[in-house]
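2 protein chains.
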Amino acid sequence: MASGKELCEGVEWRIRVVDGSSEVLVPPTGLARKVWLRTKGLISGLGMKVRMFLKQAWDMGANDPRKVIHCIKVGLALTIVSLVYFMRPLYDGVGGNAMWAIMTVVVVFEPTVGATLYKCLNRVCATCLAGFLAVGVHWIASQSGDRFEPFVVGASIFILGYRVDKLFDLAHQRISTIIIGTSLCILVIMLVCPIWSGQELHSLTVRNMDKLSDSLDGCVRLYFTNSNGEDDQKLQGYKCVLSSKASEESMANFARWEPSHGRFNFRHPWKQYLKIGASMRSCAYCIEALNSCINSENQAAESIKKHLSTSCLKVSSSSSSAIKELAESVKKMNKSPTIDLLVEEMNSALEELHNDLKSLSHLLNPSTTAENQISATGLVPFMEIIPVVTLASILIEISVRIEALVGSVEELVKESEMKDKIVAKEEKPEEP
Amino acid sequence: MASGKELCEGVEWRIRVVDGSSEVLVPPTGLARKVWLRTKGLISGLGMKVRMFLKQAWDMGANDPRKVIHCIKVGLALTIVSLVYFMRPLYDGVGGNAMWAIMTVVVVFEPTVGATLYKCLNRVCATCLAGFLAVGVHWIASQSGDRFEPFVVGASIFILGYRVDKLFDLAHQRISTIIIGTSLCILVIMLVCPIWSGQELHSLTVRNMDKLSDSLDGCVRLYFTNSNGEDDQKLQGYKCVLSSKASEESMANFARWEPSHGRFNFRHPWKQYLKIGASMRSCAYCIEALNSCINSENQAAESIKKHLSTSCLKVSSSSSSAIKELAESVKKMNKSPTIDLLVEEMNSALEELHNDLKSLSHLLNPSTTAENQISATGLVPFMEIIPVVTLASILIEISVRIEALVGSVEELVKESEMKDKIVAKEEKPEEP
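In order, the protein sequences belong to chains A and B.
If you're matching positions, the first sequence starts at 443 in this note's numbering and goes up one per residue.
If you're matching positions, the second sequence starts at 443 in this note's numbering and goes up one per residue.
Since the hints were made in silico from the structure, they are not lab data.
Check before you lean on any hint, since a few could be wrong.
The list makes no distinction among identical chains, and a pair is therefore deemed to hold if it is satisfied within one copy or across any two copies.
As the list claims (entries may be wrong) - Here are the computed lysine-lysine pairs in the BS3-like style, where the Cα-Cα straight-line distance is at most 27 Å:
#1 Lys491 with Lys713
#2 Lys856 with Lys717
#3 Lys717 with Lys676
#4 Lys476 with Lys676
#5 Lys766 with Lys561
#6 Lys482 with Lys748
Produce the complete structure using the sequences and hints provided.
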């Protein structure tokens with residue numbers, strides 16, 4: 443500490459003056475100097491933090507530009523609603539309650555169309571209900587005669603919390619402000635770069651399927667070929683599938699409120715996406731178990747690995763291309779012409795794997811204690827078979843679950859085509 | 443239809459009059475009658491719906507009384523804050539802006555203490571920031587001379603959306619109302635049957651551990667003993683563990699804001715609960731794979747099942763009692779004295795399972811095509827071994843993951859004891 447202080451005091455503070463020469467700054471002594479140093483540290487620390495914050499904000503915006511768009515949209519909606527303050531007729535029309543329109547925008551504006559519509563409906567319904575309640579209480583109070591009116595009004599104020607004489611005016615103004623706020627929100631959210639919950643859910647599902655397929659194929663390939671070239675991020679992709687349940691549910695919930703957009707009609711079978719998500723998760727659980735086999739301490743015998751490698755790789759590659767095809771099918775929203783072929787291919791690979799497993803017993807050393815004979819006979823002790831066998835049987839289970847996934851995707855496509863037909867029929871009579 | 447109508451017309455409508463006799467109601471004919479029937483159906487349908495709704499509400503309240511308590515608390519807070527309307531000095535003190543206090547209560551009141559505190563802090567900070575910004579703009583406007591003042595004020599109104607002359611008064615009133623609202627919320631939420639996020643997270647973790655232990659033990663027992671007496675709900679308990687990630691994260695996030703309550707100090711290591719949750723989920727993934735083995739179509743040979751049954755049951759029961767003990771340890775927040783013993787027991791059961799697996803090769807039929815010899819020799823084809831072997835190796839993997847769980851629980855207990863000591867030290871000097 444002491445030597446540091448001396449060192450510090452041995453340093454000259456120089457400042458470069460505009461003409462190129464430099465002046466020696468005489469260090470202020472004692473308390474003033476300490477305060478100066480402390481303040482300087484504080485300011486530079488604060489500057490650092492602000493810079494870090496700005497950098498983080500920039501990164502966030504660069505990673506997900508939709509967040510920036512959302513900010514701009516909120517700003518736009520607030521700016522437009524603030525105009526109500528400036529236009530005298532509008533401002534007077536709502537009795538100076540323009541602030542409620544702003545409050546409405548602040549409360550109901552959400553990143554996606556579905557969520558905003560849902561909140562708007564909620565707010566309008568709740569306001570109307572509260573308005574009816576208030577009018578009802580008012581009516582009861584006015585009917586109950588001079589003697590009871592104060593009591594009824596007093597009790598209702600205690601319950602409802604309002605203290606207004608011109609009730610109908612208030613109700614009218616409040617409803618107008620809320621209608622101004624909500625309709626503005628709906629316009630801005632639907633016209634300026636709209637982000638649809640349904641579209642989001644759709645692309646999340648497609649993305650997750652691709653990830654699932656990549657990590658399934660990658661894991662099995664990593665195990666059998668020992669290639670280190672596999673991208674670790676690709677291998678871990680199935681974890682996204684595991685953790686996207688909550689977001690899928692909320693998106694499906696909001697998507698129901700959205701009008702038809704893009705290729706999605708009003709009553710698009712959003713619930714079916716949840717079923718597909720559940721099927722994908724059930725595959726992902728198995729991939730997690732597969733991963734644990736791969737990282738297990740019990741290493742399998744190389745000869746066994748070699749024996750099963752061809753068929754296992756075939757199963758994994760055919761199942762992963764089946765999942766890829768399903769992703770494509772969901773993306774284009776039509777039944778894939780090749781999916782049946784791919785499932786067949788997967789099943790024949792499974793058959794091959796079954797046969798390979800059956801013939802495994804030839805390689806097996808029946809004696810338990812003959813571990814030192816291995817190299818001589820080429821036979822393998824039972825324990826060294828277990829990891830590969832476990833892997834193979836999990837792989838078989840995965841392909842069973844993929845067939846369930848195929849089923850749920852086909853159901854989605856069928857339902858959506860049915861809805862499309864219904865909508866087309868409903869729309870036709872209106873056309874000339 | 444026709445006969446039904448006749449029947450209906452054959453029935454007399456009677457009404458019981460007060461004196462005990464009954465009068466025949468002559469059915470109204472034609473349109474009036476139809477309208478009457480329609481209306482009656484509508485009303486009874488509506489009554490049914492209202493009854494259903496009330497029943498649902500009652501059931502919800504009975505299943506989770508805390509929801510009812512939350513409703514009562516919101517009502518209480520709103521009632522108290524409404525009193526501001528009645529007390530003339532208070533009402534005038536905030537310039538008739540008492541509504542903002544009510545708005546604050548509506549906006550910040552959440553079911554748990556942590557969430558409410560978090561929102562309160564958010565609201566107060568945001569209001570203060572906005573206030574400073576407004577005052578800053580005002581100052582700039584007043585400093586910029588007569589010529590520029592209107593422009594600055596105009597621009598700032600356009601950005602900030604306020605149209606007030608007495609800025610300082612407004613800021614003062616707004617901040618008072620918000621302080622009234624938030625402090626009231628904090629008082630009500632902390633004094634009336636408080637629900638702490640931390641406590642919730644703690645009991646969720648304990649509950650999930652119990653569920654995990656039950657379903658692990660139940661699944662293995664179901665497989666080996668074929669007992670149908672297992673409770674299906676208990677077997678599916680691990681699914682709760684799989685789906686509680688999102689709620690754990692939000693609770694841990696809110697728990698950080700809570701002051702010390704019950705046995706939890708202010709800086710209780712809440713993040714460690716998330717690690718425990720992740721460890722539990724990794725066990726639950728394996729139980730899911732285990733379940734798929736149990737429900738698999740490939741049934742295992744009974745003799746193999748019998749051979750491995752004792753050791754598998756031992757492993758599952760010892761691991762499930764280890765998890766139970768961990769749950770107890772988290773519950774009491776101290777290191778369990780028996781956990782090391784239980785882990786040792788689990789490891790010795792694993793050793794036994796390893797030996798049983800090794801000796802399995804004796805029971806194996808080396809020939810692939812000798813399926814018809816089975817009954818004669820008592821040997822089993824390789825394919826019928828696979829399901830049990832897979833189950834056993836998943837069981838081994840589960841016990842590896844349980845050891846990780848033991849580690850994270852011990853870390854939690856250690857960290858919490860450390861924090862306790864620090865708090866005790868900090869508090870001691872204050873005591874006489």
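List in ascending order the numbers of the hints, as given earlier, that are violated by the structure.
The structure breaks hints 4, 5 and 6; every other hint is satisfied.
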